Each structure stands twice: as C-alpha cells, then as structure tokens.
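**Q** So the chains spell out like this:
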Amino acid sequence: MTLDQKDPVSWGDRFPEKPKPKRRWWQWSAGTGLLRRLRAKTSRRKPPPGPGSGSGPGSGFGSGLSSGTRDLLGSGRDARPGSHSEAGPPSRTWMAPGSRWGGVRRFPLVAVVVGVVWAAVMQVRLFLGGHVGLAGFGENLPCRLGLANFRDPARAGWEHVQPIWTAHAWTGENCPPEFSTALFAQAAGKWLTPLLGFPGALDLRALGVLFGLLVGVVCGLLVAVTPGRPLVRVGFASAVGLVYADAGFAGYLVSPYAEPTALVAAGFLVVALLLLWERPTVPRALATAVPALLVVGARPEYVTFVPVLAFALLWMRGRRVVALMVATWIAGLGVFHAVTEAKFDDHQAVFQTILYDDPTAAADLASLGLDPELAPAAGLSRDDPSWVTFADRYHRTAHPSPLRIAGFYATHPWHAVRTVGWGFQGVAGLRPHYLGSYPEGAGKPEGEREYRVAVYSAIWEVFRRGPLLVLVLWAATAGAGWLVVRRRSLTPSEKTLGRLAVFLPLAALAQFAVVVLVHGRVETVRHLAMTNWLTAMCVPVMAAAVALVLTRLRPVPRWQHRDQSCASIHSQMREIKR
Amino acid sequence: MGKTLALLLLSATACAAPATTHPSAAMPVGSCHVMSQPEELYALSDVRPPVPCTQPHQTETYLVTQLTGPMTDTPVRPPHELLVPMVTAGCDYRPIRPYLAAGPHDAQWGVSVWGKVPTPDEWAAGDRTLRCDLLVPTTHPNNGPVLTAPLRGIMNRPESAAIRRCNLEGRDVQCALPHEWEWVEPQGLTRNGCRANAAMFAGRLRGLRIRLGPDRSCWVGQERHRITVGTLREGRAA
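Protein sequence lines correspond, in order, to chains A and B.
Residue numbers for the first sequence follow this note's numbering, beginning at 1 and rising by one.
Residue numbers for the second sequence follow this note's numbering, beginning at 579 and rising by one.
If you are wondering where the hints come from, they were derived from the structure by calculation, not from laboratory data.
Just so you know, these numbers come straight off a predicted model, no measurement behind them.
Treat each hint with caution, since some may be false.
[Said to hold, decoys possible] Pairwise CB distance ranges, derived in the manner of DEER restraints:
no. : chain 1 : residue 1 : chain 2 : residue 2 : range
1   : A       : LEU195    : B       : GLU812    : 36 to 42 Å
2   : A       : ASP357    : B       : HIS658    : 24 to 30 Å
3   : B       : HIS658    : A       : THR166    : 25 to 31 Å
4   : A       : HIS433    : B       : GLY785    : 55 to 61 Å
5   : B       : ASP699    : A       : SER386    : 28 to 34 Å
6   : B       : GLY704    : A       : VAL339    : 25 to 31 Å
7   : B       : THR652    : A       : VAL339    : 22 to 28 Å
8   : A       : PRO307    : B       : ASP699    : 34 to 40 Å
[Stated by the list, open to error] Here are some chain A residues the structure puts well away from chain B; computed CB gaps all over 10 Å:
no. : residue
9   : ALA120
10  : PRO153
11  : GLY197
12  : LEU213
13  : PRO230
14  : VAL232
15  : PHE268
16  : LEU286
17  : ALA287
18  : VAL322
19  : TYR356
20  : GLY379
21  : VAL388
22  : ASP392
23  : GLY421
Note that CB positions come from ideal geometry on N, CA and C, so glycine has one too.
My request is simple: use the sequences and hints to build the entire structure.
**A** Here it is as structure tokens:
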C-alpha cells in the first residue's frame, strides 16, 4: 500500500479517464513518440510487472533502478494520467499532473441531469401557483427597445409586478440613451414573448423562462467543472442553484432591471473562471470574456469587476498575454460604460448620507467644497418640500466628485465607519422591502413579498442580527480559498475552487465599496444586489474550500507531488530497503 | 475602442425605430400631445410631434410663454426641483377659462396644468420656451386620460362633459360618466338663486330639479331621468 492509498477522500478528478494520446508531427520529429512506441513494444515482450510498481518484487537492484529511471525520464513528457497499467493503482501524487494538463472528469450525464433538474426547479419556483417577480419601480430600461410598461397609471409601480410591456415610440429625454448589456437579454425576451404565447411585445415572464433555463445551464456546467466526486459536484451546483432560487434573487429574474442579466452572467463567469484556472488555454480565456463583458456592461457600478477580473485572469500559469488582452477588453468596456452611463448624484452621497444626522454638517460641507450655508438641508431628500429653499443655492455651488468624497471618507474615518455600517445593513437586507413580488390580481396586498424558497434568506437572518458578520464571511471565504491555493497536496483542479473563494469576496468588497460611496444610504439594498449574490455564493464556495483544506490536513513533501513518478520512487525505495 | 463598443451596443440593442422629434419652441397654442405613459407626463420636456386634436391625445397647449427668473441665465438646465416653481409661476391660470370658452355658469373640473420646458440641448442653445398644457381627467379607472376633441372652446360643446363636475350618490364624477347631479356656478346662492341659475344653465330644458349643497353649492338634475350621462348645459344631456 502506498502512502497515497491511505487518503480517506478521493475526489473525482483524481482518477481521470485515460486520455487519447496526442499525435503531433513534432513528437515524431523529436523522436519521443517513436521512443514511446518502442518502449511499449519492449514492455509487451517482457513478463508482466508486479502490482504496485513498474518493477516487480523479483527484479534485481539494477533492473529496479533502471525501471525507475525510465519512469522518471518519461514523467516529464510521456507520463499520462490514467495509464494505470504501467504505474499500478492510481495514486494521489501521481495523478496530480494528469489533472493539471487534461483528463479531468466531467460526468456529462450527471451534469445534464442536474442542469435539467435545476432548469425545471426554477420554472416551478417562478411560475407554479402564479408567477412571481419583482416590481419594476421607476425602471424603464426596456424603453431602449421601444417598449413601455403596460400598467394602471394610477399606480406608482412598487406595488405589484407588471410583466407586460407594449410597443411604444419614445422621444427626447423620456427614454434617456441608457445602454446596458441587459438589453441583449431583454431583446431575447422580446423575441421569446410571442413564441411562448405571452401578451404584449415583451412579457417579463418570457425573461423568467429564459433566465430559469440559463440557471439550469450554469448548474449543469458547474457539475462538469467543479472538482470532486459526483455527489460533491451535485451538492455544490445545487447550492449555487439555490442562490438563484432564493427569494432574495429569484424575483429579479422576472423584472425589468439590469440585475438579472448580470447575476446569470456572473454564474457563467464563475464557470468560465473555474475552467480557465483549471487549464489556461486561449479558447477558455476568450470564453471568459463573454460573461465578463455581460456583467461589466450591465450597470456602471459593475466597473468594480474590472480590477478583480484582471487579477483573476492574470492569476494563472501561462496564456498571460491572452489573459491580458481579455482583461483589457473588459476594462475598456467597463471604463467606457462607467464614464458614459454613470450619473453620479452627489446629493445622495452628501446630503442624504454624510450629512444625515450629522452634528458637524457645516464643517463637513466646507471639507467637501460645498457651501456651508446648506447645512440646514442636511438629510433632506430632493422630494422634501423644505429642499426647495436650498435648491437654488445647491444648484449654483460646485459639486464634489466621487474621488473627493472618497478623500473625505479617508480623512474622516468616523463618517466612513457610519457609511460602511449602513452598507452592511444594506447587505443584511438582502432584498428591497418595498417592492412587491406578486402581480396585480393575485389577491395579495400591495408590496407583498414572496418566500417560496428562502434558504439563503434564512441564513441572512444571522446577518440581520449582526451585519458585520458579512465581513467575517468574506474574510473566512478568502482565507479558506488562500489556504486551498497554497496547499501543495491539492490538484490544480481543486485549487480552482480556492481561487474562486478568493475572487468572490474581493469582487463583493469592491462592489460594496463603490455602491456605498456612490449611493450612500439611498436605496442601498437594491443597489447591493450583486454584492449580495457574491456574498451568497461565498457560502457554498467557502464550504467547499474548507472541506478541501480539512480533508488534506496531512502535509505532503514537495517532492511527492512535483515529481510525476512517485510510484516508481516508492518502488525504488522498497528495492533499496531489501 | 470606446466608439466600437458604443456602435456594437447601439446596433445590438437599438431595435426601436427612432421617433421623429419636434422642437419645443415650435409647439403652438392649440396643439395636442400624446403622453400615454406616465414617464412622458412627468418628464420635463416633450419633443414628440403634436397630433391633430381629433386623434386620441392627453394634453393640449393653452399657453406658450418664456421662462423668467434668476435661474434662466444658467447654461445648464436647472434640476427638477428648481424648474417646478418656475413652471408654476409661468403657467398663468387666467387664460384657461377663456380658452375653454367657460361662461359664468360653467366650471371646469379635474383639468390640471402641466408645464414643459426645453430639453437640456435646447436650453444650452438658449431656448427658454415654457409650454403650458391642460390635462383632462380619465374616464376609465384602469386607463390613462384620453381625449379626442380639442379643448379650445369645449364648454360650448357636448364633449365638455369630460371636464364638468357631477355627482353620483355623494361621489364626485365627471359628467361623461353616469351621474345624478351636475354642478352649476357660482357657489353661495339661495335656493331661488340656484333655481334661476340652473334654468339659465340648462336653457330650454324643462323638468329640472335642484339641490343646494351644505356649502351652498348649486346642483341641477332631471326629474325624468335621474341617472344621466353628459352635461345639461343648453339641454345637451344624453
């Protein structure tokens, strides 16, 4: 028995199927392919070796050494995972290089089943017993597709889900030139609406059907790319599926907001990153660009993904030029989108956040470069009748940029603590409390929210009691991920989960920081939807990372996993002992 | 790169045909405007071309003037909260009754004033035109207001039922909806004064009944048809 066979846990991709040998012209020209064939012929002529090693018990010292040397020589290029006949039963250290360079098991049947099941679960969750969604209060993004919401004009919009959008010709500033990658999804929903028999030019239920199917695809792909045994993969993918199905996020899938596109694209981004980290190739790097661009282009605030994605793309071996190129694309779109679309309202950040319940309002206004005479307007919203008396003075004063406000927070830590606290309360809120989930006529009161699936919503009760625990979750996830990445005994495929565990909290933190800086305490919960999704994703990813760390507590010497032919070394050591 | 991305996004998402626009300064008095969406009604500007007043529309321009005040000198259009007082001050209510051809016994009801200012680009180009529109109340609780007749001189026509105040079982409704009583101006009359005014209001129509409200408001109805639709003005009830 080798050391590796004592390992109680065997993850699925540690025992990959035997890959087909690659036939390349340079192999023949270099002679290695020919050499391998000759070796194979030689080994067929020899009597079969003993179990567990390339050299049997009856072999002499010299023959054993030569056998081991041959394995060592061949390990650099020719040793392939799965060639068990030559190296005995599969061993952990022996398999590690194999999973790095290919042969990772995908379990396609399990992946398809999980994908179909989760696509069905999402449809049932959204539509069984009457559809649910999220009221699109003040959201008019589909107007860019020539659509207008068909609703009772007497209603403000927050009360109920109003899924039907009809064709309408907008003019002037009634439909501002707003661009978002969410328009791609909404255009697809527009195309699907008549096919599914829904009324109007765009029915948001068609979007719900589409997003539900895509969530199924994400779950199926996660089964294929996640390391581990099938049951572990199914569990992980289902935990991610539950994030989408949870009441905190499912409503977005039947809503006119840009968030659902970003959330579903973020799921594909997770899959793409796992694939890329597993084996960096040019197609995989390019494939990462698609969901990344969809996420970054959905809302100006998602520009925060740019640095985190650049870090994620460059945090791998090889193909860094391609990764840099992809990162540049994403950065280009992100910066372009943020510059053209961002409408920074310093009123929210200053008067409704920094100056809210602020005893030193005048001094803080002066620090921000604003007129201290506006101090009595502290905490007032634009809709407040008292604001009118300050509106003229405010309009004529210089307005601080987000950078200046960030500088203010840097020099006024107490304000930073207050605002960050409101931000964590926003994360703990999980979903807006004032937006209804049910359609009109469903017999539900105005603004009533649904709880058909509330697993993560239940977990969030912990955060509601202690919002700072969100920070603990981020830190714990990143820490566990870092341990996974640093653990030498883990395969590159397993380390992808560690990288993901580092990526998610970083992305959540960056997104959180920008939302808190730009929006302050105004509609914080809805603006933090992506932060909440990333935080929810931390739960299963941290669990997987911790499981990986805990199941590989025994340290493994570096030489065992760096060398590909440890089995042969073991056999040599046995020979020496004899 | 930015231009390429912009073009890509534009080509991929701009499926809607761009609607033609009409300068804010070129909307004359008497022009009618479609604002079927609440967003269009609440928007500060409107550059959709006017439609004939016999087509379904929501608002009609009764006054075109210039914005005045200290904020008009700024090159950037002031925000909503600053423009609202300017619009309120600029849209004088006095031309409304002559525009509607309202007589001493006519009272418009439910008509609201909505001001439209130039777009940010027009403002930057120096345009300070203020357009004052009239919006009529809706007759369908589930739909927005729709009018298919001009408001200019409407008090002389049966369509004025859409902007007259009537009452059904203690609830105020438009006279275009089923009602029992119709309001007659002016207020604060005696019973005899109300009867005389109602007779003048209804013209040749006979068989009238009157009711004096607790606030001495004067209401007129028909003896034979207790529930009617339309206005009794000059005997025009349906």
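**Q** For every hint, state whether the structure bears it out.
**A** Hints and how they fare:
Our hint of 36 to 42 Å for LEU195/A and GLU812/B is violated, since their Cβ atoms are close to 56 Å apart. Our hint of 24 to 30 Å for ASP357/A and HIS658/B holds, since their Cβ atoms are close to 26 Å apart. The beta-carbon spacing between HIS658/B and THR166/A, approximately 27 Å, falls within the hinted interval of 25 to 31 Å. Checked against the hint of 55 to 61 Å, the pair HIS433/A and GLY785/B passes, with Cβ atoms roughly 58 Å apart.
Between ASP699/B and SER386/A the beta carbons are some 32 Å apart, a value that agrees with the proposed interval 28 to 34 Å. Checked against the hint of 25 to 31 Å, the C-beta distance between GLY704/B and VAL339/A comes to roughly 28 Å, which is consistent with it. At about 24 Å, the beta-carbon gap between THR652/B and VAL339/A stays in the expected band of 22 to 28 Å. For the pair PRO307/A and ASP699/B, the supplied restraint of 34 to 40 Å holds, since their beta-carbon distance comes to about 35 Å.
For ALA120/A, the shortest C-beta to C-beta distance to chain B comes to about 30 Å, beyond the 10 Å cut-off, and the non-interface label holds. With a closest Cβ-Cβ approach of about 4 Å to chain B, PRO153/A is found to fall inside the 10 Å limit, against its non-interface label. Its beta-carbon lying about 21 Å from the closest one in chain B, GLY197/A satisfies the requirement of being farther than 10 Å from that chain. At the 10 Å boundary, the C-beta of LEU213/A stays outside the reach of chain B, the nearest C-beta of that chain being 21 Å off.
The claim that PRO230/A is not at the interface with chain B holds, since no C-beta of that chain comes within 10 Å of its own (minimum 39 Å). The Cβ of VAL232/A sits about 39 Å from the closest Cβ of chain B, beyond the 10 Å cut-off, so the non-interface label holds. Remark: the non-interface label on PHE268/A is consistent with the geometry, its nearest Cβ contact in chain B lying 18 Å away (cut-off 10 Å). The claim that LEU286/A is not at the interface with chain B holds, since no C-beta of that chain comes within 10 Å of its own (minimum 16 Å).
A cut-off of 10 Å between C-beta atoms confirms that ALA287/A is not in contact with chain B; the least separation is 18 Å. Annotated as non-interface, VAL322/A keeps its C-beta farther than 10 Å from every C-beta of chain B; the closest such distance is 17 Å. A cut-off of 10 Å between C-beta atoms confirms that TYR356/A is not in contact with chain B; the least separation is 19 Å. Distance to chain B confirms GLY379/A as a non-interface residue, since its nearest Cβ pair spans about 16 Å, more than 10 Å.
Under the 10 Å C-beta cut-off, the non-interface status given to VAL388/A relative to chain B is violated; the minimum distance is some 6 Å. At roughly 6 Å, the least C-beta separation between ASP392/A and chain B is not larger than 10 Å, which violates its mark as non-interface. The beta carbon of GLY421/A sits about 29 Å from the closest Cβ of chain B, which is more than 10 Å, so the claim that it is off the interface holds.
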